[in-house]
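Here the protein sequences line up with chains D and S, keeping their order.
To convert a position in the first sequence, counted from 1, into our numbering, add 371.
To convert a position in the second sequence, counted from 1, into our numbering, add 23.
No lab work stands behind these hints, which were simulated from the structure alone.
Glycine is no exception: its CB is placed at the ideal position from the N, C-alpha and C atoms.
Among the hints, erroneous ones may be present.
Unchecked claim - Only part of the chain S face toward chain D is listed, based on derived beta-carbon distances under 7 Å:
hint, residue
1, V234
2, S235
3, A238
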Amino acid sequence: MNFYDLANPSFFLRLVTRVLPWLVAITLLLFAAGLYLAFTAPQDYQQGITVRIMFVHVPAAWLGMFCYGLMAIASIGSLVWRHPLADVSAKAAAPLGACFTFLALFTGAVWGQPMWGTWWVWDARLTSFLVLFIMYLGIIALWKTLDDPNKAARPIAILTLVGALNLPIIKFSVDLWNTLHQPASVFRMDGPTIHPALLVPLLVMALAFTFFFVVMHLMSMRNEIYRRRVRAMRMRAAAAPSARASLAETNKA
Amino acid sequence: MHWITALFLRDFKLAVRVGGGALIGVLFFLAVVTVFPFGVGPDLKLLARIGSAVLWIGALLSTLLGLDRLFQADRDDGTLDLYLLAGRPMELVVLVKCAAHWAATGLPLVLATPLFALFLNLEPIAIGAVTLTLVIGTPALTLIGAVGAGVTVSLRRGGVLLAILVVPLSIPVLIFGVSSATAVLSATASFTTPLLYLGAVTLFAGVVGPVSAAAALRYASD
Chain D
372 MNFYDLANPS FFLRLVTRVL PWLVAITLLL FAAGLYLAFT APQDYQQGIT
422 VRIMFVHVPA AWLGMFCYGL MAIASIGSLV WRHPLADVSA KAAAPLGACF
472 TFLALFTGAV WGQPMWGTWW VWDARLTSFL VLFIMYLGII ALWKTLDDPN
522 KAARPIAILT LVGALNLPII KFSVDLWNTL HQPASVFRMD GPTIHPALLV
572 PLLVMALAFT FFFVVMHLMS MRNEIYRRRV RAMRMRAAAA PSARASLAET
622 NKA
Chain S
24 MHWITALFLR DFKLAVRVGG GALIGVLFFL AVVTVFPFGV GPDLKLLARI
74 GSAVLWIGAL LSTLLGLDRL FQADRDDGTL DLYLLAGRPM ELVVLVKCAA
124 HWAATGLPLV LATPLFALFL NLEPIAIGAV TLTLVIGTPA LTLIGAVGAG
174 VTVSLRRGGV LLAILVVPLS IPVLIFGVSS ATAVLSATAS FTTPLLYLGA
224 VTLFAGVVGP VSAAAALRYA SD
């Protein structure tokens, strides 16, 4: 098996059928462990019980960005190698990314209300996440508007790559405009500043979310391949009315 | 005549003469500026404080309004295919078209800004600052808009979708433009730093915009 075998959708579908049950099982186990750890983790001495929102908020935010990165890589795949599954992957990832970004914004608002005393602030990181959300919705709208998925893939890939230039701005905006949102506290040069008792459940939850994303992404790619096959069959049937007519005649006879 | 000059003049003339041309954008700009005091109240002190931002938002919206005409007409009458067949670098064609489009729609906005700034009670130094930032920033809006226009060129009515796609990408321009334009009113904020960032964004858009728009147009033409 190599990179080019994956270009064959039938091979890909067989592979998905084989690995999906295992991935679902791993996801469920990770969520069970992660949720257990999250609810037995000690409360924060300042934030109290609300610190548990972090176990959903932070993984959702990571995946919101990860998903865009995946779309950007898939876009390169569809522009450079014309890899047919890259188009499918990019298209299937967009709604998932929008959901995770929305979840991050929503849990952030719920967390911000008791902690900062407000649902929303126009801080750099919140704002760039809102922008990311709008970009996801714009890309989804463009997929829905361009009706031929094969012709839509490349223009959208270009737009995705141009939008990917915004991702570094999101990541480093915290350092550029250091405002109300706390600076990055897990990935730092001098090690994490978050206490291990909270860090371990956070990492388990992040892993669970990532596996959940992989499962959803593979399922949604599978649906997209089936959708394209149905579309191709319908086009073929519509293009050959004489074949249908002769079929009807043979049935009559 | 060199082909670049010829293309620039052709696009400039078309943009100025077709469908109300340059004036329609300026009229829309005036409408946005007029509507703001009705929304926030006629307090002159408040208007002086937010005036630069209002002018920037007005310029952004006016630019978005004209973007769908950047490549649409050329695609409809087949000129786009001729550009692609002519063997000229498509990136350069897009850059020249953007320059002509900006000269016909962006430059009038900049020229109208000092006049509209008076309605918003801006101080003379703020008028100068907002005009300068718009001169540097509006080309970036057109160049970033070219990406959206190239991607949506095959759509019949892509105008609204085009605006939705372009607005997130143009946010850095707005941030640096407005923060530089309002810095002249403050004692502590720096005027030059955001201005230099704005210039950097414009130069960056001058590369990314034409390259991506040209790629999108190549795929759109098949």
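Consistency of the hints with the structure:
no.	hint	result
1	V234	9 Å, violated
2	S235	5 Å, holds
3	A238	5 Å, holds
Of the hints listed earlier, the one the structure fails to meet is number 1.
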